[in-house]
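A.B. asks: In case you want the letters, here they are:
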Amino acid sequence: MKVKVKLYGMLSLHVPDYKPSQGLEVELPDGATVTDLLAHLGILETRGAAVIANGRVLKMDDEVQDGSSLDVFQSIQGG
Amino acid sequence: MKFIRVNMSDKSIHVEDVPQEYAGLGGRGLTSILVNAEVPPQCDPLGPENKLVFAPGFLTGTSLVNTSRVSVGAKSPLTGGIKESNAGGTIGASLGHLGITAIIIEGGASDEDLSLLHINAQGEATLIPAQEYRGMRTYALVEKLLTVYGEKNSVMCIGPAGEYQLASASVQSSDVDGRPCRAAGRGGMGAVMGAKGIKALVIDQRGKNADAIANPQAFKEAAKVVVEAVLADHMSAEVMPNLGTAALVAPVNAMGAFPSYNATKGQLDGWEKISGEAMAEIIKKRGGKTTHRGCDQCMIHCSNEYVDKDGKYITSSLEYETIWATGGMTGITDFDVIARLDFLCDDIGLDTMNTGVAVAVAMDAGYRAFGDAEAAVEMVEEIAKGTGFGRVLGNGPAAVGEHFNHPRVPVVKRQSIAAYDPRGMLGNGITYATSPMGADHTAGNLVGAYLEHKLDPLSPEGQIDTSRFLQIAMAAFDCMGQCFMANVALLHPDGFGAFQKLIEAKTGAQFEDGYFPFGMGTRILKAEKEFNRRAGFSKQDDRLPKFFYEEPLPPHDKVFPISEAELDSVLEF
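Same order as they appear, the protein sequences are chains A and B.
Going by my numbering, the first sequence opens with residue 1, and the numbers climb by one from there.
Going by my numbering, the second sequence opens with residue 1, and the numbers climb by one from there.
Only chain B is shown next, with the shape it has when bound in the complex (with noise of 0.2 Å):
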């Protein structure tokens, strides 16, 4: 257990103990605790004060599947707030098997600098100097990254959007076979990681320094209702290795909650050529990969690996958030072009839905027609070039909308919602407006208890206490290093008493009933909201866009009802 401290000002390096506040903490909740407690709330997010963490999961380097996933941290260029955006890939088990709680960057880099962190399987770090790899893009980094430091290292990296500090810009994170197709795509990671001079941190795989589990049986025996309840959940044993997360594009088109055409319709026209059956189907057709393993220690297979015609390799994995950014907002249902936008985000280093959105705010305000794949592709090399509008395109919707002078911009905190239109699921709507990390489908998601009944999605009723529930639960997984199609576990009657016996497990302490997923969950919240309110965020901040309460989304030409008392109780805690 110990934090490593990398500062790009003096090019030192310190290793520390955890200090006992971080205790019992990993992921979400160790970078978010850590950049209230450390980073100045007003500070300029692509300045020296600003702190960029890297913290694998609590659980992540133990023997517990599905905990391969590492958070990224910092105060956010893109939302200007508290900001934690995590990805799978092999990052997060390296730095667990090498016992490293947090990678913490601090300082500033000059602009002619350039460097990459190196970390060996003895757990030094090392700063090198990475002139050379300057403007790479993300696939040939990794491969050349690879190439000189050895196959059995993980590499999280960003590209050229990263390299310009653009609000959307990605980290990206090497997967299983070596490519940067798995990201920490939110918030604008990537800029902060640009603005530190970091182009890489390359860890090697083969650390034996895994925290110690102080009682292994109890372990064991929890890290089982885990497993059985993963193992015996349809969406995660069926669902998910067969089709993965494209298979909610019917459901949610079929509930008329897809946002297509920058929110302006429910269901998209021609929305079977882009669901999760047809990927299934073209993917085998051309003999490419439905079901792949993408992250290390993962037993769920929900990647893909998505090939042309000739059989060839366009992108890896193709997934539900990326269709409907770069296909349902902008109206294009050509899988290929899809894919092909998926990769060119990773390989430039972007986030593929607040670039998606962009792109469509574009088309929306007339710049170009709704389903132009062409011009889309077109748009996005324009990030990578850098040229004015690749600029405005690369700072994500906001951007966009600004520029054109366009008021539909479907954003919360400048980020972009996700693939639930909030007219059609009014919890995601309340999740997006009140979520301290901006719209943001991962902190508390409500379709699944549409799909099984458990709510209405177009009536207020149980919205407000459901998304309140969830984006404490949320919070308190995402500390885990779990995977979130591993989730389901917490539908299990013991899942949350399985958390709590892991973590109980793994520190030798005991905490109060319920601390999973209730004390631990608030206290990050908690701390989210402190540092936004001291960046100067108000309840104002808290909403959705205008339109969202003006403009009927058909086909069940609904606005979204919920007062802005309703939201203001969402976290009051």
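The following block holds chain A by itself, in its conformation from the complex (with noise of 0.2 Å):
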């Protein structure tokens, strides 16, 4: 399945290529979830991302859905 993501926060440092004017389609396995995702982009788990779809935050094992629109932050506790 393909799925489109956009990073935010200092994220695309960590991402080859990134731009974010156009974002990235991922092509990801039927059943990948969040974590696949991120262990796709190699975003690591000490980077604190959150993956919101559709105004809600996704939790780590919950499925990716095909063609989908993925927004991943990293947390802030507060400004």
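Since the hints were derived computationally from the structure, they do not count as laboratory data.
Wrong hints could be hidden among the right ones.
Unchecked claim - In silico EDC-like links for lysine to aspartate or glutamate, alpha-carbon gap of 20 Å or less:
| hint | chain 1 | residue 1 | chain 2 | residue 2 |
| --- | --- | --- | --- | --- |
| 1 | B | Lys454 | A | Asp66 |
| 2 | B | Lys454 | A | Asp30 |
| 3 | A | Lys59 | B | Asp269 |
| 4 | B | Lys273 | A | Asp71 |
| 5 | A | Lys6 | B | Asp269 |
To be verified - What the simulated footprint calls covered on chain B by chain A, stretch by stretch (three residues with Cβ under 8 Å from a Cβ of chain A suffice, anywhere in the stretch; the number is not a length):
| hint | region |
| --- | --- |
| 6 | 234-243 |
| 7 | 443-454 |
Keep in mind it's a predicted model, so treat the numbers as computed, not measured.
Cβ atoms here follow ideal geometry from the backbone N, Cα and C, with glycine treated the same way.
Make the complex out of the two chains shown on their own, each in a separate frame, by following the hints.
C.D. replies: Here it is as structure tokens:
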């Protein structure tokens, strides 16, 4: 399956060739989870990634839906 | 360790040892417990019975990094209750290095009086007539004061808004570059300072009389745990130095909890133009600074310098809550205008949040259109001019709502909410409703818990307990003088224990397990609640405005579902 991914915070530094204006199209095996997506992107757990789709923060074991648009942020405790 | 009491009625200054009941306290704990003990709760906040307390954190002035915070406390002219608002910059460290636990401004000056309080490197305090500085805005004032008294001074001051004693008046604090761009913004502490007839504190940075550390080795070991935790966390080590708190715009908007157009929507059209990522791009392109050290002893560098198209300084530091209040709430998506509004608020001496939301309420009432950048700048300038409408606006969103008879006013205890809508982040709504400070995100912010999947922001489950825990933890943390950006240390398995060890190492005393944060945090919250109760507050004041319960917020189309009984249980201890 394919999903569209946009990266925020400083995550683009950790994903080679990422272009903010275009985002990424990522191909994943059926049944892939958020954890699988982050591993595929090479984003380590220590980066504090949070994946949001349709206004909801996904859990790490949530399955990614084919054709979905996913925004990946870094968690922040407040401002 | 000493208190400096300054009586503005007779211009006397007394230095005293810190009484035993304040041992181990600094910052918010000290200001709140002192205000509760010494200020008559029913008093006029702008009258002589109120006291204005400046207290660096308990760890400020030590070798621990990120500790240059100073708390400003009094009865608030905005909320009518107890208030603590803290600021960064350099003055916290300066007071700490002088061994000053608190400056307590008492009594009241006549309307004609205006003074500044100068404290030299030996810790000697003097009141100096300051008539020549009357009406000055803060940037020009601080530049002048640093010329007169020397660059090695820290300044905390008010602008015209404080002199007018407006309820949104801030106390501005000078940063490491000598600019008054740091603020104790909330609750109108600038108005109390204006009522006391104090234009500025000018504090020598070269003090060498910091409190002794009883057990230096234990202090060093505990400090190491805190520093390592701050260095290891992605927020403090990676996101803050590059994007600052503005990095929150994108995720909070994506979650549908970014209050926009006076909290009628949870997502802003054109939010991409005012994101942290967009800000960094603009600053870099123009030759400004995306990374900047704003505060003494800071190792995080979350500050920035926003510049115009010619590379000329506009403001520092442009932060999330300001971008939201002057951008999201007003529908303005031009960063140059937002930066200008931030500068104006700092220069006039205004809380950017209460002021941005006041402008948004006026727009929502039909006074001007959402997104009208020129009107927003004109309105804020009007506050400085002291016109009738300027004074309404400078008294905050509740005053603006009353002026226009407009009911959608996002405040609790008359203080504006922050950049997290209660209908999109239920726990933040619980904190707004129940904090003794009024709507205050720093009192217990759950956004990290939502982004880390610990809680569902739209489900009531776990919100009460988390808000309660964070309110206790932040009450204690706000005593330490530590910057919020360093609170990631508390996420470390030994984080709370490290702070308890730091307190024990400085005092030489032993406290029961869990004193930090539970013993300390609950003691402070109890004092604050007691003050508010005696000032006339009841449980009915611990509620959100009606529209949060009635108007669903797009995109999730939810209202705030937490019951009154549940809210009443939050700080019941």
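A.B. asks: The structure should be examined with respect to each hint, and the outcome stated for every one.
C.D. replies: Hints, verified against the model:
1. For a cut-off of 20 Å, the pair hint linking Lys454(B) to Asp66(A) is broken: about 25 Å separates their Cα positions.
2. A C-alpha spacing of about 26 Å is found between Lys454(B) and Asp30(A), which places the hinted pair above 20 Å, so the restraint is violated.
3. A hinted pair counts as satisfied when its Cα atoms are at most 20 Å apart, and Lys59(A) with Asp269(B) does not qualify at roughly 27 Å.
4. Among the hinted pairs, Lys273(B) with Asp71(A) is consistent with the structure: their alpha-carbon atoms are about 17 Å apart, no more than 20 Å.
5. At most 20 Å may separate the alpha-carbon atoms for a hinted pair to count; Lys6(A) and Asp269(B) meet this at roughly 18 Å.
6. Judged by the Cβ-Cβ criterion of 8 Å, the region 234-243 of chain B is covered by chain A as claimed, because 6 of its residues qualify and three suffice.
7. Residue count for the region 443-454 of chain B with a Cβ under 8 Å from a Cβ of chain A: 7. That meets the three needed, and the coverage hint holds.
Violated hints, listed in ascending order, are 1, 2, 3; each of the other numbered hints is respected by the structure.
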